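Make a model of the complete structure from these sequences and hints.
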Amino acid sequence: GENVEQHPSTLSVQEGDSAVIKCTYSDSASNYFPWYKQELGKGPQLIIDIRSNVGEKKDQRIAVTLNKTAKHFSLHITETQPEDSAVYFCAAYYNQGGKLIFGQGTELSVKP
Amino acid sequence: NAGVMQNPRHLVRRRGQEARLRCSPMKGHSHVYWYRQLPEEGLKFMVYLQKENIIDESGMPKERFSAEFPKEGPSILRIQQVVRGDSAAYFCASSLLDWDTGELFFGEGSRLTVL
Numbered sequence: 001g002e003n004v005e006q007h008p009s010t011l012s013v014q015e016g017d018s019a020v021i022k023c024t025y026s027d028s029a030s031n032y033f034p035w036y037k038q039e040l041g042k043g044p045q046l047i048i049d050i051r052s053n054v055g056e057k058k059d060q061r062i063a064v065t066l067n068k069t070a071k072h073f074s075l076h077i078t079e080t081q082p083e084d085s086a087v088y089f090c091a092a093y094y095n096q097g098g099k100l101i102f103g104q105g106t107e108l109s110v111k112p
Numbered sequence: 001n002a003g004v005m006q007n008p009r010h011l012v013r014r015r016g017q018e019a020r021l022r023c024s025p026m027k028g029h030s031h032v033y034w035y036r037q038l039p040e041e042g043l044k045f046m047v048y049l050q051k052e053n054i055i056d057e058s059g060m061p062k063e064r065f066s067a068e069f070p071k072e073g074p075s076i077l078r079i080q081q082v083v084r085g086d087s088a089a090y091f092c093a094s095s096l097l098d099w100d101t102g103e104l105f106f107g108e109g110s111r112l113t114v115l
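Here the protein sequences come in this chain order: A and B. Mapping to our numbering: the first sequence position 85 is 85, numbers consecutive. Mapping to our numbering: the second sequence position 95 is 95, numbers consecutive.
FYI, nobody ran anything at the bench for these hints, they're computed from the structure. For clarity, every value in this text was computed on a predicted model and none was experimentally measured. Check the hints yourself; a few may be wrong.
As the list claims (entries may be wrong) - Under 8 Å between C-beta atoms, here's a sample of chain B residues computed to sit facing chain A: (1) Y33; (2) P70; (3) F106; (4) E108.
Unchecked claim - Some residues of chain B that are not near chain A, with every Cβ distance over 10 Å (derived): (5) E63; (6) E72; (7) E103.
Where a beta carbon is used, it is the ideal one built from N, C-alpha and C, also for glycine.
Have a look at this one:
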């Protein structure tokens, strides 16, 4: 079935600490895994993505890792800042039907 | 290049009325997706459309909900005889013709409140 599980649902860190959000997916055929950031009252914005032929990708303070064997992928944010506070969604692209299935979201709070 | 445009941003309807939500994809994008977000919940897939075709509507309720993406004009998500449980944010996203990239660009959403 089409399912993406995301943990934790809420995460509170001190400014400067790291934050890690984890997701698992069910379809071994999935090959594209984006992460979206949603600020209050706004639409989701793509922040980083990874494809199945890559194990890790980094963009400044944000990195994503992918373990295809275990069907896990994770978002890592280092040196967190208050403006990183938002809801983060992982997603997996299901070729059958051609659509993104989203995780439940993680509300990240970075305390100054 | 304008992003995905949705309107109205906020819509209030009484039970039994109809709601129409519109979405204009990014320029050059011919794939449109509608997602629903209930308060403090994730994004639930509803329907995937290409011009004049519904590709996947597996996430859309069988009754009262319909979607279209005509050859000309925006995509429309229509909810007939709304009920309180339809209150949610409805997000539209679009992607390029070469959707193997998988990248979806989202609009700001339409927030429906049913009284």
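Exercise. List in ascending order the numbers of the hints, as given earlier, that are violated by the structure.
Key: Hint check: 2, 7 fail, others pass.
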